[in-house]
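Participant: Use the sequences and the hints to build the structure in full.
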Amino acid sequence: MTVDATTETMINIGLPLLLLLATYFTGSAVERRHYRSIRARELELRQLPAITFRTLPKRWQVVDSGLVSGSVVISVDYFKRFLARLRMIFGGRIHTYESLLDRARREAILRMQEQARELGASMVFNMRFETSSISKGRKDAVGTVEVLAYGTAVIPAG
Amino acid sequence: MIHSNTETIPGKQIVQFYGVVTGSTVRAKHIGRDLMASLKNIVGGELKGYTELLQEARNDALVRMTEQAESLGANAVVNVRFSTSSIAQGAAELFAYGTAVRVE
Chain A
150 MTVDATTETM INIGLPLLLL LATYFTGSAV ERRHYRSIRA RELELRQLPA ITFRTLPKRW
210 QVVDSGLVSG SVVISVDYFK RFLARLRMIF GGRIHTYESL LDRARREAIL RMQEQARELG
270 ASMVFNMRFE TSSISKGRKD AVGTVEVLAY GTAVIPAG
Chain B
503 MIHSNTETIP GKQIVQFYGV VTGSTVRAKH IGRDLMASLK NIVGGELKGY TELLQEARND
563 ALVRMTEQAE SLGANAVVNV RFSTSSIAQG AAELFAYGTA VRVE
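Chains A and B, in that order, give the protein sequences.
Numbering of the first sequence is given in the numbering used here, commencing with residue 150 and proceeding in unit increments.
Numbering of the second sequence is given in the numbering used here, commencing with residue 503 and proceeding in unit increments.
These are computed hints drawn from the structure, not numbers from a lab.
Treat the hints with care, since some could be wrong.
As the list claims (entries may be wrong) - Here are the computed lysine to any residue pairs in the SDA-like style, where the Cα-Cα straight-line distance is at most 20 Å:
1) B:LYS531 - B:GLN557
2) B:LYS514 - A:GLY215
3) B:LYS550 - B:ASN561
4) B:LYS550 - A:GLN264
5) A:LYS207 - B:PRO512
6) B:LYS514 - A:ASN275
7) B:LYS550 - A:ARG254
Facilitator: Structure below.
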């Protein structure tokens, strides 16, 4: 093996390994931090529920209403994508993508609720989700999703 | 202009229908944002550039839908729906549609 070939193999194998190791730590740290922020904000926004009912209870007195939405584009890290690719060989649950979608949906709801709070609303009803995968041109490159949550915010009378 | 994704507007009554109004926009991502996104793809987490891009695009679609409703003489759009489709590599269409109505 010539020196050039050795360095080439080193780069070809070493770099992905290094990335795997680095993102193993950074990726889970990013995810933990995100979950902490989600939980704190969910607690804060408990008074402004989002419901999926199509109509409001009759006794609700409403002065104003408006469309609110929240969206987020979120991606998994290199390590988790690697794990998912392995899973696709054997089949079964892909936990890393499950938590990705969970984070995306909860974040989208929170952003929608924050927009509703700015309007002075007390509830968001008829909430709907829209999820799309952003593939970046490659068909197999899952791991980046956009989630949109939208609904009708109601501003109560008095 | 009032928007709602329900068939009625709470506390108001629909007096006239004007039919379906639509608004759409096609966007391509630009190279600077894409570079940042590829980096973020490795680390994981939110791709803020894309979030903003899609939000702006969706707002544009809503504005176009609203303009169409206004030109028809409506003062509200009910049953608003969103739809996303990717047309070509790296380009997406953001589409909003609803029913233009007059409420009182």
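Participant: Are the hints correct? Go through all of them and say.
Facilitator: Now for the hints, and whether the structure bears them out:
1. B:LYS531 - B:GLN557: Between LYS531 of chain B and GLN557 of chain B the Cα gap is close to 13 Å, so the pair holds against 20 Å.
2. B:LYS514 - A:GLY215: holds, 13 Å
3. B:LYS550 - B:ASN561: holds, 16 Å
4. B:LYS550 - A:GLN264: holds, 17 Å
5. A:LYS207 - B:PRO512: holds, 10 Å
6. B:LYS514 - A:ASN275: Since the Cα atoms of LYS514 of chain B and ASN275 of chain A sit roughly 17 Å apart, the hinted pair holds (cutoff 20 Å).
7. B:LYS550 - A:ARG254: With Cα atoms ~16 Å apart, LYS550 of chain B and ARG254 of chain A stay inside 20 Å; holds.
Checked against the numbered hints listed earlier, the structure breaks none of them; every hint is satisfied.
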